[in-house]
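Protein chains: 4
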Amino acid sequence: MVRFECDYLEGAPLPVLEAIAKANLEQNPGYGFDSHSDHARDLIRQACQAPEAGVYFLVGGTQANLTVIASCLKNYQGVIAPQTSHIFNHETGAIEATGHKILSVETADGKLTAQQVRDVCQAYWKETHALFFVQPGMVYISQTTEVGTMYSRAEIAAIHDVCKEYGMKLFVDGARLGYALAAPDSDMTLADLPQICDVFTVGGTKQGALFGEAVVIMDEDLSKEFPYHIKQRGGLLAKGWLLGVQYEALFTDDLYMKSARHAADLAVKVYKGLKEAGYSFLYEHQTNQQLPIVTEEQLKTISQSYSVDHFADLPDGRIAIRICTSWATKEKDVDALLAFMKTLK
Amino acid sequence: MVRFECDYLEGAPLPVLEAIAKANLEQNPGYGFDSHSDHARDLIRQACQAPEAGVYFLVGGTQANLTVIASCLKNYQGVIAPQTSHIFNHETGAIEATGHKILSVETADGKLTAQQVRDVCQAYWKETHALFFVQPGMVYISQTTEVGTMYSRAEIAAIHDVCKEYGMKLFVDGARLGYALAAPDSDMTLADLPQICDVFTVGGTKQGALFGEAVVIMDEDLSKEFPYHIKQRGGLLAKGWLLGVQYEALFTDDLYMKSARHAADLAVKVYKGLKEAGYSFLYEHQTNQQLPIVTEEQLKTISQSYSVDHFADLPDGRIAIRICTSWATKEKDVDALLAFMKTLK
Amino acid sequence: MVRFECDYLEGAPLPVLEAIAKANLEQNPGYGFDSHSDHARDLIRQACQAPEAGVYFLVGGTQANLTVIASCLKNYQGVIAPQTSHIFNHETGAIEATGHKILSVETADGKLTAQQVRDVCQAYWKETHALFFVQPGMVYISQTTEVGTMYSRAEIAAIHDVCKEYGMKLFVDGARLGYALAAPDSDMTLADLPQICDVFTVGGTKQGALFGEAVVIMDEDLSKEFPYHIKQRGGLLAKGWLLGVQYEALFTDDLYMKSARHAADLAVKVYKGLKEAGYSFLYEHQTNQQLPIVTEEQLKTISQSYSVDHFADLPDGRIAIRICTSWATKEKDVDALLAFMKTLK
Amino acid sequence: MVRFECDYLEGAPLPVLEAIAKANLEQNPGYGFDSHSDHARDLIRQACQAPEAGVYFLVGGTQANLTVIASCLKNYQGVIAPQTSHIFNHETGAIEATGHKILSVETADGKLTAQQVRDVCQAYWKETHALFFVQPGMVYISQTTEVGTMYSRAEIAAIHDVCKEYGMKLFVDGARLGYALAAPDSDMTLADLPQICDVFTVGGTKQGALFGEAVVIMDEDLSKEFPYHIKQRGGLLAKGWLLGVQYEALFTDDLYMKSARHAADLAVKVYKGLKEAGYSFLYEHQTNQQLPIVTEEQLKTISQSYSVDHFADLPDGRIAIRICTSWATKEKDVDALLAFMKTLK
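Sequence order for the protein chains is A, B, C and D.
If you're matching positions, the first sequence starts at 1 in full-length UniProt numbering and goes up one per residue.
If you're matching positions, the second sequence starts at 1 in full-length UniProt numbering and goes up one per residue.
If you're matching positions, the third sequence starts at 1 in full-length UniProt numbering and goes up one per residue.
If you're matching positions, the fourth sequence starts at 1 in full-length UniProt numbering and goes up one per residue.
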């Protein structure tokens, strides 16, 4: 059975695996104090055109999210995030377990707007006795979002402006950042990120690493303190060079963006193919998480041959499924899936 | 420069690397819900002769420690541990960050005794107003300890008896469990552990895995709840199969214990060689973390050719250094080091 | 200026003050281990007809809420509560600071329904990978609610049934419990509470004590552990007898319910008076927090002579104000306020 | 039976009680936003000669300690404190429950020395990989200490100097500050405190208030944020004016220091009387917690007529008991106790 349910089903592209194998019997100092990690940090700084940025490697996304958020907030502050956000929904209360409320905002399409952020802040700061309320201390968004939608550069920059106005940090979760940047309607590159937010991740797990999220921090104070937070939260990998060599490989010969473009191209193919076949979508976009709507009957039939994600139940009984592409997706599998799904209409 | 400062300098034995490479383009479901992880869990259960045990894979040691401890304790309880323990000293307050005090006990040699545990408990439970004190809720020990000493089966069993008496769980941190079991004076096998404690780890990171700690849980309730704790603490690896295939390889053809015996044999060689050369030790034992005492002068000379760990400063100005062997240590490097250190005496 | 903005503006009825003065120079053991506290606990158990209940005195409401909730939940569990609830809105993230998410539910009138609780639970428990979500572990409601509405006995009992079905505890915040029980349409007495929930508070601060909330616990295990939680959260009053003597006085000669009825009667008067004068209400009910709707102009005029709470802004620009009665409210002040507000229509 | 076991057995001096009674039917705004609290804050600022200090009233000591400490520390920092300190021993892990380790130091007499603080800091900051250790972020001491010993002005100032050198705040827990200042060998007044520390409490509970600790904060940023921390930790008293009027009374006509001197004078009497009678002491000093050493037999006899605290078991089987004086202690009771204890020698 061919699987499309998520974008982290396979391991890593060959150069990444080879880099690990090559470094395997080197003797590397622990905890990221090795030359591979240093080199990888430099490569990322270059790709982001942010020579002063702090770059830290963590193993996973929830870990990265909780560590970044807990290190940015004061005890009595919370993080503004969309109600569809990963941190609000899919991390077993990991943020709250660090003591912080998520100030969730209902969105039209998984994307927070600058106005919504401003509304939350205005409501808080006009309170006479604000001390009874959780102070908004930062904003969390994902690019692409958890429903596959995508922010434009201007949209993120506008949120960042509101953040600066209210003394908050903006954190962009880039677990699928490459897939966003490679999407046909993207108007950004990696080098834009340092301009329009305070912290972001350059996701590895879903985009060509066996595992790993690179946290890029613009704020110098936060950056200096971040390693302490990583260690305390259990996120410091003993053999940190494993993350170093993977990001070295991903940021050599443009492997990161090449892998992303592969997934992005196939995502467009999936979108157009299903559209043409008459499917509608929960949210319409061209990124690597496609959410076509099917009947229960259709899902059953599809599930006999393919593994897709049962994403959401619609009020009318139909189901939004998730079909993901990734760096590892084979075009022939996409073609076969599309052909198959066409027959169901 | 050859490095002896710790036992996690290299990656993994070839069969482990090959297992990852082989599974690389399979499509495995995430979060450990894959067949490799299932198989690895079975292999560990077999090796431990604990068919009912829960087995969970985490990436790192601090993560494993904080997740196990936080999941075992009630809010007002603390964990009894030696003052030399990793959780008390080397994890940036990771346990306290989950809200729990470590009830630290000064030990003669890094090993807690059953009597010491009993003393702590008796002192607590005889209090008229015990509610002002942190209730001892579990015991944490490491095998081997952070200073290389080792518990006998009877010593751990005696601690376990006290634990049962006072309604506490016993957690054995096995980051170096294999190296303990393979030591010449060991009187235990993996199958003993389930008999004499409630939770233990079968360490991978230091013993042949790229990364990974297997948490083995005897208590059924704790086991059922453990995945929730893992996820909440950011410890659930998206591509959990990476841990599965590594432990599959380690527990196939006895690779785990073979690797351990390699390190253990070389540890004995280091111990005997240094002893013969006239070195004394901070703690005398034959496990894979040897702690010979040198002068500052000697350390400088050694450091020109070898990387060793500056482990502890002695009151007389001398220094205990740490020399570790691992599955990856080369006998010729040990021979050269011993020859070299002999010349310094 | 006469104040109506809340129900905790004054100190305490004379018998409560006198009880403190009388015990002032006694030498009472600390921390609630005194005979007044014991007696007060007995009086409350009698009033609740719950001879086996645990009764604990805390100083304040937020403290009581966070201590009860943190002591009931496992790390990975959250508490279901209305979006209008005090814990969700007015406690600076105190619950999240203990590590727990509030699973908030939008309600029509500040009251959770059994069906809503069931919906949250069903959604959670049908998840294939529930471990990514916060497990509902308890339910929090307030009687009366934060908007003055009131549950019937059957409504609470129905929620309790769902709780039992899903292994959750039901916590009823009774900061204004007396005012609910004394309301004209109440169908409950104190003795009903132990039948229809697991933990509840008998509020003092707003109902005749200088300060104090009595936590009544039906669950034996929770009750036994509760003092440890109180102390750890900083909620154990050194001179616990101060709480004891106040509750002794409140539960002697029916002072608690007499005080409540005074407030309840005046609340009805406020409600009827304003209704008659042509005011509409944000939520229509007859309890001690009346929420009439006024124009900005009217609020300005009222505020020249009375202090009322600016409770909520309506979309049409009008404002819901809060007018509270309490045990200390004077009938002549209510009469004057009503007469005054009549002139504004 | 006359009680001497602690210094919080009685309520409050008459002027304090009268102040509450007088304000009882006033309508005071909640949460300390009332004129009594404002006035009390001013009186304390005057007494401390610290016109810019922030003054906040909390109900109890553990609450004050945990709120101050959690608001001063970064997540990865801990607080240096003596092993005999209240926060380390007697608060059920309340500090750790906020996520912070107490870096405990063994002391000769319950008093931390500047050198000990320096040693802890030097050990930390010389670490190559300091990120594995808990960073010392503040220092906690008590004046008088938990064993009745007392710091000189110079001793506290010296600790403060080390704190400033290492970027740490110094917190002086003044639960018994008045009793220290009134002791015969004191070389300080309230006005010294702002010069030699960053935060301190002016204890009420043990020194003439029914309850209450005034937290005085020199740091402007910390002061501004403190109310948020108080509310989040459940420490904001609804009827904050209760604290205001008590401190108003205590700081009118020098009642605070008059009460303290009464206790201090009787403490000297106890000390000299027992000394003369041939008793030795666990720690020898003249403050209000006297710790004479008695045999088990003697303790039994004493306990038939007096309530004293079984403070510590000595290795030789003897027992240090605690005899406290307070503002409420009667001289005739002290005389009788001394006469009685003389007969036991």
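Don't read these hints as lab results, they were simulated from the structure.
Hints may contain errors.
Same chains, same label: a pair holds when it works inside one copy or across any pair of copies.
[Claimed, not checked] Capping the alpha-carbon separation at 35 Å, the derived lysine-lysine pairs in DSBU-like fashion look like this:
no., residue 1, residue 2
1, K74, K332
2, K74, K258
3, K258, K330
4, K258, K345
5, K269, K224
6, K74, K330
7, K342, K224
8, K164, K74
9, K74, K345
10, K272, K164
11, K22, K345
12, K74, K275
13, K345, K300
14, K332, K224
15, K126, K224
From a predicted model like this one, the values you see are computed outputs, not experimental measurements.
Here is what the structure says about each hint:
1. K74 to K332: neither (50 Å within a copy, 47 Å between copies)
2. K74 to K258: neither (39 Å within a copy, 41 Å between copies)
3. K258 to K330: Within. Shortest intra-copy distance 15 Å satisfies the 35 Å Cα cut-off; inter-copy 40 Å does not.
4. K258 to K345: within (34 Å within a copy, 58 Å between copies)
5. K269 to K224: neither (44 Å within a copy, 42 Å between copies)
6. K74 to K330: neither (46 Å within a copy, 44 Å between copies)
7. K342 to K224: So K342 and K224 fail the 35 Å test inside a copy (54 Å) and across (43 Å) alike.
8. K164 to K74: Result: close both inside a copy and across copies, 16 Å intra and 22 Å inter.
9. K74 to K345: For K74 and K345, the Cα distance exceeds 35 Å both inside one copy (53 Å) and across copies (47 Å).
10. K272 to K164: neither (39 Å within a copy, 49 Å between copies)
11. K22 to K345: neither (50 Å within a copy, 38 Å between copies)
12. K74 to K275: For K74 and K275, neither the intra-copy (46 Å) nor the inter-copy (46 Å) Cα distance is at most 35 Å.
13. K345 to K300: within (14 Å within a copy, 63 Å between copies)
14. K332 to K224: Neither: 47 Å inside a chain and 41 Å across chains, both beyond 35 Å.
15. K126 to K224: Answer is both: 34 Å inside a copy and 17 Å across each meet the 35 Å cutoff.
Of the numbered hints given earlier, the model fails hints 1, 2, 5, 6, 7, 9, 10, 11, 12 and 14; all others are met.
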